[in-house]
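Asker: Sequence:
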Amino acid sequence: MQKLPRHFIIPFARAGYAARGLIYLVIGIFAIGAAFWSFEKKDTKGAVLEVLQLPLGMALIIALLIGLAGYVSWRLVQAIFDTDDHGLSLIGSAVRLGLLASAATYTTLGIYTLSLIGVFGAGGSGSSASDRLAGVIGSTWAALAFSAIFAGVAMAHWWKAYHAKYRDHIEADSQKMTYIDMVSRTGLVARGLVLAVISVLFFKRFTTAGAQQGEPGLMSALNYIHQLPAGNWLLAAMGFGLLAFALYSIVEARWRRINVHDA
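Heads up: the sequence shown runs through residues 1 to 263, numbered per the numbering used here.
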């Protein structure tokens, strides 16, 4: 089998991590703002809309689209070719399923972003292609499957944070690693918590035979956290955690080892 083009994959993958970092930076800032001020919480689509409204927003969106394409491509390469040697153990399989789920999620986000600039219609209401992909979740049994996948990916995030497994893929000196450890562990735990909440919401959708309105996602997870006792403080803590995840994404964009030699 012909080797994948290393000099093409590596910068494309790094652009993908940077794009993820920008998205979670916006999400984290608005989560903190919603906890203490009158900001509206943002999910990934809302974050993309905010980027579009910035000065030079169209240029940023085009850069973001390139990054999203890179991220989806790299996630597929990681999952299919097992570039990080996760193997087929329970944890390894959960991680690789999570990589595939991540590719699907960011494909949907990429399609939505294209709709914002008129590729799939005007108005940014979301393309029919994106809606069809998201509509798969409407099945009751699909909700159970997604619940299991999100639970597995959440546990993989926590396992990665607890055992500092991200270190296996980071090439940075010991001084930098002191700070990388802080943001990586915090960010992975925070995102794991969000994924765990989404898993619970999918499971509730399964147990209620799809009676719940809307599809569980990042926004519904943030809303769920916000309505808990001391919800403002919990949402603010989650916002700072997601900011840490944004920084972790930037760390990966800069220092991650992109293993494509075996792909």
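These are computed hints drawn from the structure, not numbers from a lab.
One should not assume that every hint holds.
Stated by the list, open to error - Computed spacing ranges between beta-carbons, pair by pair:
#1 A145 <-> S89: 19 to 29 angstroms
#2 D173 <-> K204: 38 to 48 angstroms
#3 R6 <-> T207: 17 to 27 angstroms
Glycine included, C-beta positions come from ideal geometry on N, C-alpha and C.
Asker: Quick check on a hinted range of 17 to 27 angstroms for R6 and T207, using CB atoms only.
Answerer: 47 angstroms, violated
Asker: Between D173 and K204, is the Cβ distance one that fits in 38 to 48 angstroms?
Answerer: 46 angstroms, holds
Asker: For the pair A145 and S89, does the Cβ-Cβ distance stay inside 19 to 29 angstroms?
Answerer: 20 angstroms, holds
The earlier numbered hint that this structure contradicts is number 3, and it is the only one.
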